[in-house]
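So the sequences go chain by chain: Y and U. The first sequence lines up with residues 1 to 268 when you count with the working numbering. The second sequence lines up with residues 1 to 238 when you count with the working numbering.
Don't take every hint at face value.
[Unchecked claim] No farther apart than 27 angstroms at their CA atoms in a straight line, the calculated lysine-lysine pairs in the DSS-like style are these: (1) U:30 to U:174; (2) U:30 to Y:153; (3) Y:102 to Y:247; (4) U:234 to Y:154.
Since the hints were made in silico from the structure, they are not lab data.
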Amino acid sequence: MDTRHPQSLPDGSPLVRFADVTKSYGDLTVLDKLNLDIAQNEMVSIIGPSGSGKTTVLRVLMTLETINDGVIYVDGEPLTHMPSGAGLEVASESYLRQRRSKIGMVFQQFNLFPHMTALQNCIEAPMQVLGLSRDEAEERALDLLQMVGMDSKKDQHPTRLSGGQQQRVAIARALAMRPQVMLLDEVTSALDPEVIGEVLNVIRSLNSEHNLTMIMVTHQMGFAREISDRVCFFYEGKIAEQGSPEKLFEDPQNERTKQFLHAVLDAN
Amino acid sequence: MALRSCLIPFLQQLGDDVSYWGFFVEYAPKMASGAMTTAMVMGCSALLAAVISLIFGLMRLSQNWGVQAAATVYIEFFRGTSLLVQLYWIYYVLPLMGLTLSPFMSGVLALGLNFGAYGAEIVRGGVQSVPRGQWEAALALNMSPAQRMRRIIVPQTFTLILPPMANLTVELLKATALVALITVVDLMFVAKQINATTWLSAQVFGTALIIYYIMARFALIPFLRWLEVLAARKVGKA
């Protein structure tokens, strides 16, 4: 799996950059002046106790939530702000949509559209947003459904699919938009133990066969360790410690990391 | 006891004056044509109410302060005042302002506006009860706000709002009897006419009740049930 190394963009800038990003709800600060760079093709896992801001990192990057301060850059350009004269102003909807097209997300609860079949879920946005013809969109969707092993269920509605199957369709749906960055938000947390493996296998193959930058929030420590280029441990809205999986899991330096890993690994 | 004391005069009249069968043969055609008008009023005003419900229900959810306020004022007014007074306003007062509508049009408009206000609140509730994750998934796929609403949210709203909407439609059918008061020749109007000439009140209004019941129970409700099944099938639930 090491045929692939994280690379910077030609100009040396990271694909995603959080620069002093702050997000708070009233008095509660969820992200506290967060700085985080993610290189192209990098697979980054985010771990940490609940309430540490892990999921919020993904949500603000997907523009599901606004940030209170700082700037997020994607592919060298600001995501939530747009250039205006010498400075930046809050991005308009059309600017946001243009930047957002580089990002895809898979959710903990799958969030498939219940009124559409698996195939329709995967062709809806490519047709509506990218303007693909039905034939083009279906060809693309069928390839992806085959990749996630769901082509035989393409005409089923989500209610007829298991959690693992729904999540695999959701991964295909996100990929159909050809994002550069995939955000995986606790994608196995809502699944029964026996189907977690099938979803992890899909992510493994994505990681090894596709040039995709991935940011994954997870509680699956073993999987994070196996697949990541880098693991970030979040604590109270900041990165308390980060490093290669070997380093972070075997020789953590930060007291909080040690406590967290102890607690989590003991539970397993 | 109460039921018996209601029924006795009815049964006595059936026995005494004229056989019910005789009454039925003579007046059934007239009442049937009144019932047809009732069905027309009901159909047109249900359609109008449905369109208004959707428009004003979505307006209530608008980010735009003015749009939201306009919808709120409309809903408050038509839910907060009497349907009968609204009906009289449209039929008797609007002409004073230079707008004269036929009795039929006035009736359909009053019913549509009134029930549309109730329906708008059902639509608003329906849209709000589509899980948040659906909005987020549509946004993550970079769909525009209009695409999210039209392609993802509204289609899912239908299955949620159909049962309360069906209830409201049955209410609407029964409320159409009010249009008799502005001279629309519907089932109630015909019944009153026959009553005025024959004084066979028990037969006339008894028959009218039964016709309303049959229309609701054996035509409208099965139709609405069928719509619910159709909608459920659309989301793969049936």
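A quick look at each hint next to the structure:
Proposed proximity of residue 30 of chain U and residue 174 of chain U is supported: the alpha carbons are some 19 angstroms apart, at most 27 angstroms. A hinted pair counts as satisfied when its Cα atoms are at most 27 angstroms apart, and residue 30 of chain U with residue 153 of chain Y does not qualify at roughly 57 angstroms. Annotation: proposed proximity of residue 102 of chain Y to residue 247 of chain Y is violated, straight-line Cα distance about 31 angstroms (limit 27 angstroms). Restraint check for residue 234 of chain U and residue 154 of chain Y: satisfied, since their Cα atoms lie roughly 15 angstroms apart, inside the 27 angstroms limit.
Violated hints for the displayed structure, listed by number in ascending order: 2 and 3.
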